[in-house]
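In the order they appear, the protein sequences are chains A and B. Taking the numbering used here, the leading residue of the first sequence gets 1, the next gets one more, and so forth. Taking the numbering used here, the leading residue of the second sequence gets 1001, the next gets one more, and so forth.
For the record, the hints were derived by calculation from the structure and aren't laboratory data. Positions of the beta carbon are idealized from the N, C-alpha and C atoms, including for glycine. Please note: incorrect hints may appear among the correct ones.
Okay, derived cross-link-like pairs now, DSS-like style, lysine-lysine, Cα gap no bigger than 27 Å in a straight line [unchecked claim]: (1) Lys-315(A) to Lys-31(A); (2) Lys-1196(B) to Lys-1167(B); (3) Lys-210(A) to Lys-240(A); (4) Lys-240(A) to Lys-359(A); (5) Lys-1174(B) to Lys-68(A); (6) Lys-1157(B) to Lys-95(A); (7) Lys-4(A) to Lys-95(A); (8) Lys-1177(B) to Lys-1145(B); (9) Lys-273(A) to Lys-353(A); (10) Lys-1192(B) to Lys-1056(B); (11) Lys-1174(B) to Lys-97(A); (12) Lys-68(A) to Lys-1056(B); (13) Lys-375(A) to Lys-31(A); (14) Lys-1192(B) to Lys-95(A); (15) Lys-198(A) to Lys-35(A).
Anything over 10 Å on all C-beta distances counts as not near chain B; from chain A, calculated [as the list claims (entries may be wrong)]: (16) Pro-24; (17) Ala-71; (18) Leu-80; (19) Ile-115; (20) Val-120; (21) Lys-146; (22) Met-147; (23) Trp-154; (24) Tyr-157; (25) Lys-174; (26) Phe-177; (27) Ala-185; (28) Phe-279; (29) Glu-283; (30) Asp-379; (31) Lys-380.
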Amino acid sequence: MKRKLRVMMLTWEFPPRVIGGISPHIFFLSKSLAKNDVEVCVVTCDFPGAPAHEVSNGVEIYRIDSYKNPAPDFATWVYLMNLNMQGEAAAIINKLKGKIDVIHAHDWLVATAGIGLKHVFRKPLVVTMHSTEVGRRDGIHSANEKMIHETEAWLTYEAWRVICCSDYMISHVKWAFGIPDDKLAMVPNGVNTQVYEKLQRRNLVAFRRKFALPQERIVLYVGRLVYEKGVQILINAVPKVLEKADTKFVIVGSGYMKEQLSKIVKNMGLEHKVLFTGFVDEESLAKLQICADASVVPSLFEPFGIVALEAMAAKSPVVVSDTGGLSEIVDHNLTGVKVYPNNAESLAWGITKILLDEKFRKQIRRKAYKKIREKYNWDKIAQQTKTMYEAVLGEYSQSFWA
Amino acid sequence: MRAIIFSWEYPPRIVGQLAEYVTKLAAQLVKNKVETYIVTYHDFLTGLSQEPNGVKTYRVTNPVRTHIGVLTWVLTLNQEVERAAANIYYQVNEQIDLIDVYDWHFIPAAVTLKNALDIPFIFSVESLEEHRAPNADSPYNNAIKGIEGLGFREADKISVKSRWMLKEIVEIHKVPKTKTIVVSQKTSGWVKKVLKTYRATAGGVGNK
């Protein structure tokens, strides 16, 4: 009997370790691939309390020693962590007698491990580029950024296929690394609607009261508090929105801009209207998304925009900056509102448009939810990914490596 | 017997004394019927070539051109070392008896190749970070010491050039003496000693 297709996913984050969007992406992709008859083995960084090895949702998970000594800097830590990841992943593949069909690496954070394993076992390497250094930094400005950019270029060069989650990201990656068209594949990100469906049946009035007064509208921001996410633009839009609607701004997440943003809010005298929650647990986040009268994604650079998709799944109307993947997810005035990127006036206009028009809000909720059910469901995405793996293996079987 | 030597310097790239030592060793190994490959770094003279004395060299460069330190340069160069070693391995029907690694630079590649393909390795110690940067305790120095420690733990044999260095690695890295051997090029019969170590290592884990 022919054995199932077997994939090794390399990622620096996997639940319960959640830093950005890669972790939930790989969690749901792996789970859905397993349901679609693909054996998935995830190799990721360790996390306090999480087992070194477990099988969950049909996915085999290995958590490696992620190099916990102090490292000279973040990039060097990444390469040191990769040293451990590669060594341990090599032993896992050896134990499987080399029977891994595809190595799937996510971002430069696992580049060296993925490239090394590809050559040592002579297996096809598939790479998902969730983001790029040139995009995150709006250019390359230092040796450190250049090194990361070159590592990304090397990773995409070594890949059999490069997956991007949006058409915008496809053209960006093509521009950044000069990748030929036939190496690129667009497979969108997905969202799990079940989490929200379950919670929507509950009474969340008491939960809502923890964050806002009954008469206040809730405007929610979820994401890292870093420049590229545009949270500073939202803060600048706060007084403009408050002129028209009694609102509580709930900012979920952390990042290097937190202190600076808190100071700005304090100087504006609006501490009672802006709440910085830091990180919140998964369930509270989902509940907040359900309670939010508007969810804002003001990014300056956004390869995909999973937060917008999650908000749409939670039936929270979205206001997004018209950039990157967000432009593809949201249809203006139909499934959300698009505003000019890096423009607080425009952002305030978008937020108030949603907050002040209940009929419009309802219509957006309905259409947005329909769109994500049809286009961004994980089962469909897993099938697309599996088809892509099979195409790669078809080409690989004709090569001298097979 | 077929061996691969990993050395971060080899002529025409000469940084210290290691290049000269590896040159002499490789020539002697070939004379003693050990098919010898050297995987080394060169910025632009890349690829596989054979020298008149029969030594085969595989030079690799670093695909990442910009670096913030030696550590990032070394850690990204290791994948090219792995690629070169894997190319040799598959070209010779998966029959490599051992890898002889000089100093810490290519220990990551040696560990991966051992874990992946069951190729045993010897860690040949020229110097230690503890001596190169005495009392230095920065994350940079400790990362290099950590890689040396990985080499000591994972190596099948550890070769040092003096009794003093043997004492140092036992004291600093708690290396079991049973894994070690002292081979000094200054003594007669050093080649025989290397060959004996190679044979013992090749017979230890064995190929797939």
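Here's how the hints hold up against the structure:
Taking the CA atoms of Lys-315(A) and Lys-31(A), the gap is near 24 Å; set against the 27 Å cutoff, the hint holds. Restraint check for Lys-1196(B) and Lys-1167(B): the C-alpha separation of about 22 Å stays at or below 27 Å, so the hint holds. Between Lys-210(A) and Lys-240(A) the CA atoms are separated by roughly 24 Å; this keeps the pair inside 27 Å, and the hint holds. With a CA separation close to 22 Å, the supplied pair Lys-240(A) and Lys-359(A) stays within the 27 Å bound.
Between the alpha carbons of Lys-1174(B) and Lys-68(A) the distance comes to roughly 21 Å, so the proposed pair stays at or under 27 Å and holds. At roughly 23 Å between alpha-carbon atoms, Lys-1157(B) and Lys-95(A) fall within 27 Å of each other, so this suggested pair holds. Under the criterion of a C-alpha separation no larger than 27 Å, the hint pairing Lys-4(A) with Lys-95(A) is consistent with the structure, at around 17 Å. Among the hinted pairs, Lys-1177(B) with Lys-1145(B) is consistent with the structure: their alpha-carbon atoms are about 19 Å apart, no more than 27 Å.
Between Lys-273(A) and Lys-353(A), the direct Cα distance comes to roughly 19 Å. Compliance with the 27 Å bound is thereby established for this hinted pair. With a C-alpha separation of about 21 Å, the suggested pair Lys-1192(B) and Lys-1056(B) falls inside the 27 Å cut-off, and the hint holds. Taken as a hint, the Lys-1174(B) and Lys-97(A) pair is broken in the structure, with Cα atoms around 33 Å apart against an allowance of 27 Å. Under the criterion of a C-alpha separation no larger than 27 Å, the hint pairing Lys-68(A) with Lys-1056(B) is inconsistent with the structure, at around 39 Å.
A C-alpha spacing of about 18 Å is found between Lys-375(A) and Lys-31(A), which places the hinted pair at or below 27 Å, so the restraint holds. Pair hint Lys-1192(B) plus Lys-95(A) does not hold up; C-alpha atoms about 36 Å apart against a cutoff of 27 Å. Taking the CA atoms of Lys-198(A) and Lys-35(A), the gap is about 21 Å. The hint holds against a cut of 27 Å. A cut-off of 10 Å between C-beta atoms confirms that Pro-24(A) is not in contact with chain B; the least separation is 29 Å.
With 10 Å as the threshold on Cβ separation, the claim that Ala-71(A) sits away from chain B is violated: the shortest Cβ distance comes to roughly 5 Å. Leu-80(A), annotated as away from the interface, has a beta carbon of chain B within 10 Å; the closest lies near 6 Å. For Ile-115(A), the condition that its CB be more than 10 Å from all CB atoms of chain B is violated, with the nearest at approximately 5 Å. A Cβ of chain B approaches the Cβ of Val-120(A) within 10 Å, the least distance being about 5 Å, so the stated non-interface status is violated.
The non-interface label for Lys-146(A) is inconsistent with chain B: the shortest C-beta to C-beta separation is roughly 4 Å, within 10 Å. For Met-147(A), the non-interface assignment is contradicted: its Cβ lies about 5 Å from the closest Cβ of chain B, within the 10 Å cut-off. Separation of Trp-154(A) from chain B is inadequate, the least Cβ-Cβ distance of about 4 Å not exceeding the 10 Å criterion. Chain B draws Tyr-157(A) into its interface by the beta-carbon criterion, the shortest separation being 8 Å against a cut-off of 10 Å.
Non-interface status of Lys-174(A) relative to chain B is upheld: no Cβ of that chain comes within 10 Å, the nearest being about 19 Å off. The Cβ of Phe-177(A) lies farther than 10 Å from every Cβ of chain B, with a closest approach of about 12 Å, so its non-interface assignment holds. Distance check for Ala-185(A) against chain B: the nearest CB is about 23 Å away, which clears 10 Å, and the non-interface claim stands. Chain B leaves Phe-279(A) outside its interface by the beta-carbon criterion, the shortest separation being 26 Å against a cut-off of 10 Å.
Listed as outside the interface, Glu-283(A) is consistent with that label: its C-beta sits roughly 37 Å from the nearest C-beta of chain B, beyond the 10 Å cut-off. Asp-379(A), annotated as away from the interface, keeps every beta carbon of chain B farther than 10 Å; the closest lies near 34 Å. Every Cβ of chain B is farther than 10 Å from the Cβ of Lys-380(A); the closest lies at roughly 35 Å, confirming the non-interface assignment.
The structure does not agree with the numbered hints 11, 12, 14, 17, 18, 19, 20, 21, 22, 23, 24 stated previously, though it agrees with the rest.
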